[in-house]
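Read top to bottom, the protein sequences are chains A and B. Start counting the first sequence at 0; every next residue gets the next number (numbering that gives the first Met the number 0). Start counting the second sequence at 0; every next residue gets the next number (numbering that gives the first Met the number 0).
In short, the hints are calculated from the structure, not lab data. Source: prediction; values computed, not measured. Glycine included, C-beta positions come from ideal geometry on N, C-alpha and C. One or more of the hints may lead you astray.
[Said to hold, decoys possible] Derived contacts from chain B toward chain A, CB cut-off under 8 Å, selection only:
#1 2
#2 13
#3 22
#4 38
#5 44
#6 45
#7 47
#8 55
#9 56
#10 73
#11 74
#12 76
#13 78
#14 83
#15 90
#16 103
Spelled out, the chains give:
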Amino acid sequence: MRRLLASPDFRAGFVEMLPACIGLIPFGLVCGVGASAAGASWLSALGMSAIIFSGAAQILAGQMLAGGAPLAIIVLTCSVLGLRFLMYSAAMAPYLTALPPRWQKALAFLLTDQAFAAAIRRFNASDDPRAGAQHFLGAGMALYLCWQVTNMTGYFAGNVIPAAWSLEFAVPLCFLALVAPLLRDMPNIVAAGVAGIAVVVLGGLPMKLNLIAAGVVGIIVGTLADLMRERWTRR
Amino acid sequence: MDATLKLWVVILVVGLLNYLSRLSFIAVFARRTMPPLLARALKYVPAAMLTALIVPMIGADPAAGHTLAFNPRIVAAAIAGVVAFYTRSSLWTMGTGMAALWVLQAVS
């Protein structure tokens, strides 16, 4: 462990993630505030950030719990949201096959939107899987620590933050930081556009079912757009 | 169901599903290739799912009683979106988005 913490790749990963961590501070605070608003105890708030470890799922679960949605609907909506981890996992897999299983299990736990974006850039830049894995572990640990601290701070000190700061706006901003860079590619633009319109049109559905419905419609139409583009370019 | 128990069931089930999704192709299906249609569809999960979350949050939600009149959140989000597109940085997106919202709220 000490040797790992001293390795330059681990440290580089940790340090390179710090700016992203600063950007995530407001998001983490809002998640903590949301857990407190949903009536969670401090231990279950910590459970949300430490076990779920996904801001989008935590916010959504908190809102749906507070709104009295049934358990099955909450789990269903959060698991569709979590499907993106399947894609990240598949994209990371080729770089991690050379590693021992316990490394793979540890790294998988730290796979988040932000860590994935950083890791893919890094793995593309070097061919040493072990160095890449140590870098990913450093980046993931920085995010994990930052996430627990900011969530707990938000839980306990959230009521000190003035409402005029509109801190809850940090949540859509965090998602925008992930989505906007994807809009360089036609099917992604279609998927986002359709999902964005569908979520408003379906706004009347109960229990926030419009989120999952709009997401699924966006995924399907985006996939169709991708298939059609391929047919046209092949001609 | 008791609210505390319900919350813990959500934490454990969603946490487990998230972990299994994260682990899936790294460890469990490492020797398999993903079915091509699934691989294609999963590429669009982040854009579709995250946009479905963003839009109601920036106030384009008729159910929340917003009008189509000037909404500082939509303008601030548009500015932040352009910054995110070019910088790909969560720090810059957060900084410009929050600053834009504060300025727009102060002047409107």
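Q. Can we keep the residue 73(B) interface hint, with Cβ of chain A closer than 8 Å?
A. violated, 10 Å
Q) Hint check: is the beta carbon of residue 13(B) less than 8 Å from a beta carbon of chain A? A) holds, 4 Å
Q.
Please check whether residue 55(B) passes as an interface residue: C-beta within 8 Å of a C-beta belonging to chain A.
A. Given a least distance of 6 Å, the restraint on residue 55(B) holds.
Q | Interface hint outcome for residue 103(B) [beta carbon to chain A under 8 Å] | A | violated, 10 Å
Q. For the hint on residue 38(B), does the least C-beta distance to chain A fall short of 8 Å?
A. OK, holds: residue 38(B) within 8 Å of chain A, min 7 Å.
Q.
Tell me if the interface restraint on residue 76(B) is satisfied: Cβ within less than 8 Å of some Cβ in chain A.
A. With Cβ-Cβ at 6 Å, under 8 Å, it holds.
Q | Interface restraint verdict for residue 22(B) against chain A (beta-carbon cut-off 8 Å) | A | This hint holds: residue 22(B) lies near chain A, its Cβ roughly 4 Å from the closest one there, short of 8 Å.
Q. Under the criterion of a CB-CB separation shorter than 8 Å, is residue 44(B) in contact with chain A as hinted?
A. Holds. Min distance 4 Å.
Q.
Checking hints one by one. Is residue 47(B) an interface residue toward chain A, by the C-beta closer than 8 Å rule?
A. Status holds, d = 3 Å.
Q: Tell me if residue 2(B) is really an interface residue toward chain A, meaning its C-beta lies closer than 8 Å to one of theirs.
A: holds, 6 Å
Q) Any CB of chain A closer than 8 Å to the CB of residue 45(B)? A) OK, holds: residue 45(B) within 8 Å of chain A, min 5 Å.
Q. Was the hint right that residue 90(B) lines chain A, CB cutoff 8 Å?
A. holds, 4 Å
Hints 10, 11, 13 and 16 from the earlier list are contradicted by this structure; the remaining hints agree with it.
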